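Residue numbers (my numbering): 1 to 358.
There may be inaccurate statements among the hints.
Distance condition first, Cα-Cα at most 27 Å in a straight line; then the derived DSS-like pairs of lysine-lysine [unchecked claim]:
(1) K323 to K109
(2) K98 to K148
(3) K51 to K98
(4) K270 to K109
(5) K183 to K30
(6) K276 to K260
(7) K183 to K315
(8) K329 to K184
(9) K30 to K49
(10) K98 to K109
(11) K315 to K276
(12) K51 to K30
(13) K184 to K270
(14) K260 to K315
(15) K321 to K184
(16) K98 to K136
(17) K109 to K51
(18) K148 to K183
(19) K323 to K183
(20) K23 to K184
(21) K270 to K321
(22) K23 to K51
(23) K276 to K184
Simulated from the structure, these hints should not be mistaken for lab results. None of the values given here were measured: they were computed from a predicted structure.
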Amino acid sequence: LSNIFDSLNLSQSLLYKIIHFDKSTKQLTKIYPGAVISFDISDQGEFKKLKYNISEQQELIVSLEDSEISTSTIEHDVEIQVQTSNGVITNSLFNAGKNAGLTDSMVMKLANIFAWDIDFVLDIREGDSFSLIYEKIYQDGVFLRDGKIIAASFSNQGDVYKAVAFDDGEGYSYYNPEGRNMKKAFLRAPLNFSYISSNFNPKRFHPVQKRVKPHRGIDYAAPVGTPVYAAGDGSVIRSSYDKFNGNHVFIQHPNGITTKYLHFTKRNVKQGQRVKQGQVIGTVGATGLVSGAHLHYEFVLNGVHRNPRTVELPKASPLAKNKMPEYLKFATPLFSQLESLDVNQIALQDEKVTKKES
């Protein structure tokens with residue numbers, strides 16, 4: 001806040017007076033990155049008023065008139081609306097989401113639910129579809145932000161995945177119809193990326209060495225600096241550099257699994273360090289023997305390279321038995337509602353196909 005006052009040519013003494021004026025203004029010492037504070041400044045550059053959202057329900061207003069500071073707090077009406085949406089992918093998930101009335105952030109939430117089952121670049125095909133029941137948050141009747149996804153389904157190449165958000169007493173997670181957590185031991189893809197430069201192929205023409213050689217993983221082409229995540233919990237057994245792999249990190253996981261990440265610009269972890277799933281371990285680069293910026297990712301099971309896209313991953317633990325009756329009572333109507341949305345989506349697709357044929 002001190003820097004903001006400096007940038008507006010407002011004195012630090014005024015800031016001190018405001019912060020120490022009363023209990024409400026002391027909350028200005030706890031602002032967080034990304035918080036929005038609006039200022040009303042006179043034509044002469046003098047402070048008149050500031051507004052700060054203490055929460056979605058409360059807004060603090062600090063005014064200065066005739067050298068006298070005054071404060072007030074406005075209460076906002078916040079409403080959660082539950083809505084439904086569905087869509088079919090024709091070229092990209094983001095475009096399908098946009099056509100279905102979803103924001104990009106909601107599309108990312110949808111993808112994050114199924115990130116342990118679907119690689120959302122390699123696995124997505126034209127004709128894949130989704131349905132969801134979700135929250136939209138309104139403040140005084142005006143859209144404020146997306147809420148959480150209550151339930152969702154995703155049809156990918158004939159396989160249908162479904163999930164419902166359920167609070168087991170320790171916070172909510174997403175569970176499938178059998179009550180298993182959607183979060184598994186490994187992510188299907190270790191980053192958010194732009195496109196794929198080389199699919200899984202044990203006999204692959206190397207673009208630099210100009211000869212066919214085994215390609216024991218997947219190349220994710222992405223801008224330099226894109227964060228790369230640990231696919232699962234484990235210990236870093238190698239964090240180093242060589243002329244072939246460039247900056248690279250190897251992680252040892254339970255059950256004889258090792259994941260390897262090559263060609264980083266920067267390594268964020270050291271050998272011997274424990275890492276958690278989703279932790280940033282480095283950034284995409286073009287170090288080593290490469291033709292362009294990308295992440296090379298390998299999944300090794302008991303010394304044998306496996307396709308990260310298709311290898312069978314350990315199943316997640318189910319809900320505790322004493323929670324299952326409560327879960328099923330809560331989730332069953334939501335899964336039924338998703339089923340209705342899916343049926344409507346299929347009917348709409350059939351109608352479009354019929355119109356095209358005619």
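Structure-based check of each hint:
| no. | hint | verdict |
| --- | --- | --- |
| 1 | K323 to K109 | holds (25 Å) |
| 2 | K98 to K148 | holds (17 Å) |
| 3 | K51 to K98 | violated (32 Å) |
| 4 | K270 to K109 | violated (31 Å) |
| 5 | K183 to K30 | violated (33 Å) |
| 6 | K276 to K260 | holds (15 Å) |
| 7 | K183 to K315 | holds (9 Å) |
| 8 | K329 to K184 | holds (24 Å) |
| 9 | K30 to K49 | holds (19 Å) |
| 10 | K98 to K109 | holds (14 Å) |
| 11 | K315 to K276 | holds (18 Å) |
| 12 | K51 to K30 | holds (15 Å) |
| 13 | K184 to K270 | holds (25 Å) |
| 14 | K260 to K315 | holds (22 Å) |
| 15 | K321 to K184 | holds (19 Å) |
| 16 | K98 to K136 | holds (15 Å) |
| 17 | K109 to K51 | violated (30 Å) |
| 18 | K148 to K183 | holds (16 Å) |
| 19 | K323 to K183 | holds (18 Å) |
| 20 | K23 to K184 | violated (46 Å) |
| 21 | K270 to K321 | violated (40 Å) |
| 22 | K23 to K51 | holds (16 Å) |
| 23 | K276 to K184 | holds (13 Å) |
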